[in-house]
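Same order as they appear, the protein sequences are chains W and Z.
Here this note's numbering is used: the first residue of the first sequence is 358, the next is one more, and so on.
Here this note's numbering is used: the first residue of the second sequence is 10, the next is one more, and so on.
These are computed hints drawn from the structure, not numbers from a lab.
Don't take every hint at face value.
Quick partial rundown of chain Z residues pointing at chain W, CB under 10 Å, derived from the structure [stated by the list, open to error]: (1) 533; (2) 569; (3) 572; (4) 631; (5) 804.
Listing some non-contacts, in silico: residues in chain Z with all C-beta distances to chain W over 12 Å [as the list claims (entries may be wrong)]: (6) 75; (7) 147; (8) 483; (9) 706.
Backbone N, C-alpha and C fix where the C-beta goes; we use that ideal spot for every residue, glycine too.
So the chains spell out like this:
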Amino acid sequence: MTQFVLALVLGILFALGTYLVLRSDVVRVVWGVSIISQAANVYLVTMGGLSGSVPIVAHGGGHGHVTDPLVQALVLTAIVIGFGTTAFALVLTYRTYEAHGTIDLTEVSENT
Amino acid sequence: MQPNQTVLLAVLALPFLGAAVTPLVYRALGERTAYFAAAIAGGCLLLIASQASTHGSVTLPWIPSLGVSLSLYVDGLALLIGFLASGVGVLIFTYSGGYMHDEPGQMKYYATLQAFMGSMLGVAFAADLVALFLFWELTSVASFLLIGHYRSEESSKYAARKSMLITVAGGLFMLIGFLVLHGVAADAIGTATFRLVGSENSMLAHADEIQEALRSAGLLVPVLLLIGIGAAAKSAQVPLHIWLPNAMEAPTPVSAFLHSATMVKAGVYLVGRFRPLLLTDEWMILFATLGLVTMTVTAMLAIAASDIKELLAYSTASHLGLIVAGYGLSNVYGAETGAFHIVNHALFKAALFLVAGIVAHEAGTRAIDELGGLRHDLPVTAAVTVVAALGMAGVPPFNGFYSKELLFEATYEVALHDGGVWWLLPVVAVFGSVFTFLYSIRFLMLFFGEKPHELGEVHSPPAIMLAPPVVLGVLAGVVGLGGVTSTFGVHLTPLTDFVTRVVESSVAHGGGHEIHFGYHLPTKLKPAVVMSAITIGVGLVAYPFFDHLRDGVRTLRSVPLLSPNFYYDTGTEALDETEFVTTHLQTGLLRTYATALVLAVSAMTLGAYAAAGANLPAFTGVGLALPLVLVLLVAIVGAFAVTGAPSHVAGVLTLSILGFMVAIFYILASAPDLALTQLVVETLVLVLFLLVLDKLPAFYGEPSRLRSARDGLVSVVVGATVFTTVLLSTKATPNDVIAEFLAKRAGVPSEHGTYLLDWGGGGNIVNVILVDFRAFDTMGEISVVAMAALSVVTILAMRERGEVQ
């Protein structure tokens, strides 16, 4: 069924994430990317349908209506990879500061 | 006899394999890598020699669906270029062993030079237009790297860029020509083929039909021009010759190789190869004019040169002009000129470049005015120069004389046959040759006359630098002597037979008459002899006025509108300084790129919805349990707090609120695995952020109001796009959900008791998917995390080491 609330929430989250990505402070850019990837994960789960029980079936038994396990598997992978990229982005931020003495992207690009 | 497929493939593979292992070899051998590379070239030479008596083609399928094959073809012309590239290659590598002593970047140098030789061999043997084009562009790339060998020199970079731009751009014209030929071949032969030569259905086997089809479609002149531009760019024909003099920025062995046996010879090879396919009146007008104009103009420019390598560079362009002109002329002498002069030019030009390298190395200068009387210090080099420079000048009985005679004969025959304006050909040929004579003598005079006082002590070159030019000089001398002996009936049969085969490659099939190439000193007074006499006579008379001539040419050269360099420089600078690109498109700021990207994606998405006529669903109620709504509300509040966070720490903490709310959302959405993962990751990320923030400045940069407004607008567009997308994509759900499919297969069937069998065999469907159904995805995910961890370690370690340096 149409998810009006989630549409609104995801729209806002993407908008805020985009706004942060456009900042010149590298740390804020990392936050922005983080928010956007969180929102994308939520969107994927929403796509699988929110109704239904936990996708775990009893041993040998039947099962009722479960939520879509495939999107959950995808999102699980995405969360872990998102962690990897966030960690990497943070270290790059640190390295940028080491190399340029600033984490302002405008200044970094002016200095190079 | 058919060529051996394995051997031919080995010829092509060997240099590239050699290039690939060069880093390892260099580690083991150091500067002696030169001899390894020479051995590779020698191996190629032997392999090619083993195929010398064969004729025909071998074919490997490559892209069968497009009719592209890796076909290799062996005939006189292919063998000639193959012998030159590998044979001169052996000498160049040997010489490099001395010349490159203590030079930077030797590993890259030897690897690239081997790849350069390999691509040239590819050009020589490729029988398929696609393969030919591929190797053709590889030579451009390799020469780009070699010309730009001294990477820190501005002039090197300029020269490398220039050669790349001109030769690759020319190659693209040629590619269009090839594609047109491919299309026309479909009509003319019946099959669309890229095969140029060496099979029943090749273009050359149907030359007449293709010419006819091209002419009737009005494409003959365009194709000639397109292929002509490709060849002219590669072979430095006027006005595209300008990259060649700059290319002397390369180390001298590279120059010698590039000028004598590779790169520039690719252009004349192409002309010789296409000659039987496209030989028409239009061909003759185009290539004879191009060749003779180049020969004359660049010979004049050579006189104006102030540097010995510059002189030789212009002279190369001039001699290539001679070869192109020869191939341009429609009679058999023309083809003989082209074929024989390729041999002669390679011999004397490689020798002279190596001589120039010795002079520059030992005398410490390349300026013509500062050099003189070198014969005392460099007697062997001087002897080589006598043979090579007089050959270049076209003085009998040295080798260049015979091929120049052939050119004179060819132009005279054409003029006699066609009359009228064609009489210009022999006149221009003689005029250009006078200048050739002049600059050749000027080069020779470096070794004679008085030694200037400023010139310090000149050392003898090491033996490995001396041996290659001596070998080349002796070969050039032998070719010259062959002409003398054959005057008395003793022919240099191996050479003349071979040149005959080369000529046959460039003569239209079914011409009827057999070709018997031979050359000797003139025994009776022919027009060509008179023309040679005029050339040498005028040259001798004019030589005392060399300085005046040189100043005259320099004055002409300095008129910007007459110089193609002026157009090149203005053109590239105009492109370079297009401020719009640097200030608006390529700003180097993430913001610019991100804005362009998200706006483009939003526009395309919304546009696609509009085009598909998607209707937004009407509001049907919240449809979401209250706890979920509350959790999402808190998440939104958290996200707003992040955006407006006054400090980094506040931002990170509020970002965590968002993250934990998302985790609760997962719990409420019946996704326990996600919730667990999210909680763990969110905790770790919080710790990581705090660790890093500790090292970073507390940056509170306030963006300007204008910029905030602009970015806000972009964000709203993105938000609206996402809103629409979510609405549209959640509106309908497919009936046959994949969840059912997986739920049926994941669980352990009851009859199996406690065993995990058959499909996934596990109660938790998500886990079964991850470790079983889509296990490779999970492996990829783990690799990503591992790579991220490795990168983090590397970056941190690099920092510590980098600070020590």
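Hint-by-hint comparison with the structure:
| no. | hint | in the structure |
| --- | --- | --- |
| 1 | 533 | violated, 74 Å |
| 2 | 569 | violated, 35 Å |
| 3 | 572 | violated, 36 Å |
| 4 | 631 | holds, 6 Å |
| 5 | 804 | holds, 5 Å |
| 6 | 75 | holds, 37 Å |
| 7 | 147 | holds, 33 Å |
| 8 | 483 | holds, 55 Å |
| 9 | 706 | violated, 7 Å |
Checked against the numbered hints given earlier, this structure breaks hints 1, 2, 3 and 9; the rest are met.
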